[in-house]
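Novice: Okay, here's what each chain looks like letter by letter:
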Amino acid sequence: MTTAQARIACGAGFAADRTAPAVDLVERGDLDVIALECLGERTVALAALRRLADPAGGFDPMLAKRMRLLLEPLHRTGTRLVTNAGAADPVGAARMVRALGAELGVPTTVAAVTGDDVLDRLDRTAPAWEDGLPLEAHGELVSANAYIGADALLPALDTPAAVVVAGRAADPSLFLAPLAHTLGWDTADWARMAAGTLVGHLLECAGQVTGGYFADPGRKPVPGLADLGYPLAEVDSDGAAVVTKLPGTGGRVDRMTVVEQLTYEVTDPRGYLTPDVTLDMSAVAVTDTGGDRVAVRGARGRPRPAELKVSVGYRAGFRGEGEIGYAGTGALARARLAAEVVRERLAGVPARLRVDIVGHSALHGAALAGAAEPYECRLRVAGLAADRAAAEAVGEEVSALYTSGPAGGGGLRVGTEEVIGVLSTTIPRERVETGVVVLEGGAGR
Amino acid sequence: MRVRLHEVAHARAGDKGNLNTISLIPYDPAWYPALCAAVTPEAVAAHLADRVAGPVVRHRLDNLAALIFVCPRAPEDTVTTSLHLDAHGKSLSSALLELEVEVPGAPG
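So the sequence lines, in the order shown, correspond to chains Z and L.
Residue numbers for the first sequence follow the UniProt record's numbering, so the first one is 1 and each next one is one higher.
Residue numbers for the second sequence follow the UniProt record's numbering, so the first one is 1 and each next one is one higher.
If we strip away everything but chain L, and leave its shape as in the complex, we get:
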């Protein structure tokens, strides 16, 4: 089943200097392997190309069934010197949840 991530997972974005972190947590841990397969660092970098300079690093937390994406921004695009309306990149969690992926067994 092809779904927007918003249908199967929740997320929160944070920031450190010119890095954004975005966590991705499936509502049902049974979908975690599918998210691991589909939501690759490359897919996230391409999806968020407007805000992320890349390369994206992904951390798996199998103990929590959660993923963390660390997304480097351009060097001059730090939280304090950014010209973006959302300088912190806090809304990036919502952007990630717009990504469409294949999740077997997900609700339609």
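With the rest of the complex left out, here is chain Z:
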């Protein structure tokens, strides 16, 4: 059954996003679907690594917390949920959600979308987009996940599942698939695929289109930022959409917030590539109609790319970090002296070393920082090394500043962590086989 208009919302824009706005949207949004985008570029690689250490650790650790709050409102309102929080283990995540439903007395049928994990069929000699070197030249590969699209999600939506859990589905596809399902769109209708992808792109970062990551006091005020509402879209069958938020929530939706999000993370606005379509934004019209409502239309589509993008995780070594603070008159000069000492002590130890002064020039370098003297600043040293011991030397040398460095250093923080690097490549579509596992609602595991 298809309808003339779909109501779709975004309840999370990244793994650690707030939980309450999603509950509010399900309760009051009169939604067809809510999507939770919980997977960053490296999150799935980290999840793959966690799963190697703990078979139950392959999906987003926040998912259980979210679903505990959402399962009952979803059931009561008949709203479906789509998420990529399955990360490296969508089936494990689906099992957890189904068990949680049984525990809460809300029997929930859950579908897992499989097949994005392509580590066993990856061409390891293929060049990485980042540097042109073969993937395998970078280190041990620990994960490879293809960005699967709406065509992989739609079969799950054809089941009775109330909750659909995927891994590395492309972010806009989490929205496009339910729109196509609800509105009866053909996945070869490039204009509609483009329109739905545009809606997905606007919604996928949750609060970023409703005034989150936007406020600049004196220039760009945002009312009620601490109670930011997350977005929903009303989408017509021809693809025309209105982006808005629930009445009474904080934030703002207007031309400014929408254009900032529209242009976010776009490397080619005339050829924005997803698994579903090649989107052209150059004729998109954004119309602010007031009342936190913005109409968006005019997306143009061309056929989808022949290959799927793949994110490849590899062991990139170890990062050691150390920080120490200086304050008062001459703080900057003492931090600079500490920097010289640590540079001299660490010469040649980590393969790469970066020394910054936080509070002065750490974000954009000395040229933009100018000559301003801060009251306080922090020396920050970070090094990347192939082995853990060399990385730990960074923290050790910053620690030694306590008794062997300039006067008055305080607030020491040190740490070392393994680094999972992420590279990009592509894989032919025919080498990626997606599937659906349905876990019927009911008691027990």
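All clues given are correct.
Listed next, the in silico DSSO-like pairs over lysine-lysine satisfying Cα-Cα at most 30 Å (straight line): (1) Z:Lys65 x L:Lys90; (2) Z:Lys220 x L:Lys16; (3) L:Lys16 x L:Lys90; (4) L:Lys16 x Z:Lys309; (5) L:Lys90 x Z:Lys220; (6) L:Lys90 x Z:Lys309.
Incomplete in silico selection of chain Z near chain L, CB under 7 Å: (7) Val266; (8) Pro269; (9) Arg354; (10) Leu363; (11) Ser424.
What the simulated footprint calls covered on chain Z by chain L, stretch by stretch (three residues with Cβ under 8 Å from a Cβ of chain L suffice, anywhere in the stretch; the number is not a length): (12) 123 to 133; (13) 251 to 260; (14) 270 to 282; (15) 364 to 377; (16) 380 to 386; (17) 414 to 422.
Just so you know, these hints were derived from the structure itself, not from any lab.
Please read all numbers here as calculations on a predicted model, not as lab measurements.
Note that the Cβ used here is the ideal one computed from N, Cα and C, for glycine as well.
Chain Z is already provided as a structure; the job is to place chain L on it using the hints.
Specialist: Okay, now just chain L, sitting in the frame of chain Z:
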């Protein structure tokens, strides 16, 4: 009138691998032609030289009166392997808005 971009425009930075994207959107679309003339890819690359290896590519979205700058970082400076405090480069929008340019008719 010579102004900091912060006076006339807003911006948002994003990232893809070892690319940063920064959009630039004038508060008043009337200032868009002036921004197109003044905020060249070369000017952005020079201004952000500490974080951007270049060359910078600029996309004009005349339909939205918005510009997108695609700023390549050094090959080893990907979001996941970067040693920068702001590994994503999310704060680069603020750096771009520090650039001073000539914008006729801009508020002083």
